[in-house]
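The task is simple: from the sequences and hints, build the whole structure.
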Amino acid sequence: MSGTRLAKWVVAVPMAALALATIYPLVFTTNVAMKTRREYILDRFSLSDSLHWDNIVKAWTSVGMSRYFLNSVIVVACSVALLLLLGSMAGFALARLRFRGSSTLFLGILAALFVPFQVIMVPLARIMGDTGLIDTYPGLVLAYVAQFLPFTIFLMTSFYSTVPPEIVDAARIDGNTVYGVYWRIMLPMGTPALLSVGVLNALFCWNDVLISLLMMPSSENRTLMVGVTSLRGQYSDDIPTFASGVLIAAVPVLLVYLFLQRQIADGVTAGATKG
Amino acid sequence: MTGRSPSPVGPASAGPTGGATITAPPRRPQPARPSPPRNRRGPGAERLAPFVLLAPAVLIIVVLRLWPLLLGVNFSFTGDGDRNGMWVGLANYLTLLDDPLFRTALRNVGLLVLLLPVAVAIPGLLATFIYLKVPGNRFYRAVYFFPAVLSPVIVGAIFNLLLAYDGPLNAALGAVGLGPVDWLGDPDVAIFAVVGVHIWATFGMALVVFLAGFSTLDPSLLDAAKVDGATLPQTIRHVIIPSLSRTIQFVFVTTMIGMLTSMFGLLFVMTGGGPEGSTYLPEYYIWVQQGQFNQPALASAASTALFLIMLVVGLAQIAVLRRAGKEE
Chain A
1 MSGTRLAKWV
11 VAVPMAALAL
21 ATIYPLVFTT
31 NVAMKTRREY
41 ILDRFSLSDS
51 LHWDNIVKAW
61 TSVGMSRYFL
71 NSVIVVACSV
81 ALLLLLGSMA
91 GFALARLRFR
101 GSSTLFLGIL
111 AALFVPFQVI
121 MVPLARIMGD
131 TGLIDTYPGL
141 VLAYVAQFLP
151 FTIFLMTSFY
161 STVPPEIVDA
171 ARIDGNTVYG
181 VYWRIMLPMG
191 TPALLSVGVL
201 NALFCWNDVL
211 ISLLMMPSSE
221 NRTLMVGVTS
231 LRGQYSDDIP
241 TFASGVLIAA
251 VPVLLVYLFL
261 QRQIADGVTA
271 GATKG
Chain B
1 MTGRSPSPVG
11 PASAGPTGGA
21 TITAPPRRPQ
31 PARPSPPRNR
41 RGPGAERLAP
51 FVLLAPAVLI
61 IVVLRLWPLL
71 LGVNFSFTGD
81 GDRNGMWVGL
91 ANYLTLLDDP
101 LFRTALRNVG
111 LLVLLLPVAV
121 AIPGLLATFI
131 YLKVPGNRFY
141 RAVYFFPAVL
151 SPVIVGAIFN
161 LLLAYDGPLN
171 AALGAVGLGP
181 VDWLGDPDVA
191 IFAVVGVHIW
201 ATFGMALVVF
211 LAGFSTLDPS
221 LLDAAKVDGA
231 TLPQTIRHVI
241 IPSLSRTIQF
251 VFVTTMIGML
261 TSMFGLLFVM
271 TGGGPEGSTY
281 LPEYYIWVQQ
291 GQFNQPALAS
301 AASTALFLIM
311 LVVGLAQIAV
321 LRRAGKEE
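Chains as they are written, first to last, in the UniProt record's numbering: chain A, 1 to 275; chain B, 1 to 328.
Hint data in this document are derived by calculation from the structure and do not stem from the laboratory. We treat Cβ as the ideally placed atom computed from N, Cα and C, and that holds for glycine. Don't take each hint at face value.
[Unchecked claim] Per label pair, the in silico range of CB-to-CB distance:
#, chain 1, residue 1, chain 2, residue 2, range
1, A, Ser62, B, Leu90, 31 to 37 angstroms
2, B, Leu97, A, Asp54, 51 to 57 angstroms
3, B, Leu308, A, Asp54, 51 to 57 angstroms
4, B, Thr231, A, Ala81, 48 to 54 angstroms
5, A, Pro138, B, Ala319, 39 to 45 angstroms
[Said to hold, decoys possible] Each computed SDA-like pair below joins lysine to any residue, with the alpha-carbon atoms no more than 20 angstroms apart:
#, chain 1, residue 1, chain 2, residue 2
6, B, Lys133, A, Tyr137
7, B, Lys133, A, Phe204
8, B, Lys133, B, Ala224
Spelled out as C-alpha cells, the structure:
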C-alpha cells in the first residue's frame, strides 16, 4: 500500500512539471503584454513593474482588431444558431421518426463527417465565387455550417436516441404534430446537448483560420484569428503590442473554458464512447 | 397510461379490455370515419415531416461537402492556367511527385505516423494516472485540457515568442548549460518543433477522451488486479489496454486526422512552410498552390492525394488495432 502511494507521488512530479509547461506559455505572454517595449528588450522574464494596459488599447485600436472582433462575433453567432437549428431538426428526425432510407441518410451524413475541409476547399471556393457568396458574411456562415453540421447532427441524433420513445408517443397522442413535438418537447429537452454542441461549435468557428482565410479575402472582412496572423508583421519590433493582440483573441475562449469546461468535455467525448 | 386517457384517441386503446369489447367496435369507426379528410392532410404532411426536417441539412451537406469532393477529384484531372478545364489525365499527380515540396510534405506525413504512438501514449498515461487518483488529479485534468480550446493561431503566436532564438526555452537550456537551438530556423529541427507544439496543444483533448473511456471501465477488474498483486505496468498492460481498446482505437484515428488536418494554423503562423520548405504538410501545400500560386487543379490533385492518405492510414490503423484487440 505504501508502495503504491510512493508510486503515485513519483508520477506526480512529472505531472506537475507538465502542468507548469501547460500554464507557463500563457503566463509569459500575459506578462509580456503588460510590459513596455523597453522593459521587454532589457529583460523579458522579469515581472512588469506596473500593468501597462496601453499595449492592449493600442492592439485593439490600431490594426482593426475591433473590427475583426466584431466580424468574428457576427459570423460565429449566426453559424452556431443555424447549426443548432438544422442539427437538432435533422437529429430529431433521424433518431425518433420512422421513414424509409433513414439509416442510409444517417450513414451518408456520417461519411460527410470524414471529409476534411482541405480536401474540398478548392472546389468550395469556386462554388462560393460562382454564387457571389465569397467575401460575404452569409458565405462564411454557410461554409462553417457545412463544415460542422455532420458533427452536430451526429451528436444530436445520439442524444435524441436516449430520449424515451414514449415521450414522443404521448406528445403525439396529446394532439401535437411532428413539428409541435420537435418545437415544444424535443428542443427544450435537448438544452444540455444543445449547450454542449453549441459551445464546441462556437469554439471551432471562433478558432478557425483556414476557412475564413479562404472565404474572406478582403482585409476589412477578416475574422479575429486571421487578424492575429497579420499582427506579427505589423508589430515585429513591438512584441508587447503583438502579445496584447494575441491575448485579446484568447481571452473570450479562456472565459468560455472557465465557465463551460464541463460542457466542452461532454461534447468532445460524446462521440468517443460509442466508438 | 394516465397520460393517454384524456386524449381523443383514448377509446381505441381501450379496445382489448374485456367488458368494453361490445361497446368499442361501434365507437371505433365513428371517430375514424369523419377524420379521413382531415387526417389525410394530417398524415400526408406528417409523412413528409422527416424529409422537411432533414431537407435543409441534407441540402447543405450535399451541395457544400459531398458535391465539392466529386468536383475536386474531377478537377484534379484537368489543367491549370492555359490548359484550364482541359483533360490532362494524371499529369497533375506526376507534377506532384516531381515537386520537392510535395515530397517533403509526404515525408513529413511519414514522420507524423511515426510520432503518432507518442502523441497517443502521453495522454493515455496521464489519463491512467488521473484515473488512479494521483494527488491533485482534478486540477491536472482542468489544466491539461485548457490548451486544447485555444486556436492554433494563438498557440502558434505564443510559441513564436517562446521558441525565439533569444526566448525563454533557449534561456532555460542555457541555464542548464546547453547551447541555444534555432527551433524554427533549423530545417532539421523545425518540423519537430511544430509537431511538438501541436502535441502540447492537443493532448488534453485526447486525455479527456481517455478519461471518458475509463469511466466505462469495470472497477472490479482493477480490484482483482490489486488483489493478485499486479504492478502498475502489469495492470496497464493486462487490464487497462484490453478494456479500453475501443477508446484507444478512437484516439489513434482522431489524433492522426488531427495531425493531418489541423496543423495549418500552426504552420501558417510559426514557419510558413520554412525553413527551406522543411515544415510542409499536404494541407499547407494545398493552401499554397491554391492561394498563392493560383494552381487550383494541382491543389485539387494534392487534396485528392491527402484524402487517399487519410483513408489508407485510417483503415490500416483500424485493421491493426482490431487485430491487436483480438489477440489480447
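Legend entry - Structure versus earlier hints, numbers of those that do not hold, lowest first: 1, 6, 7
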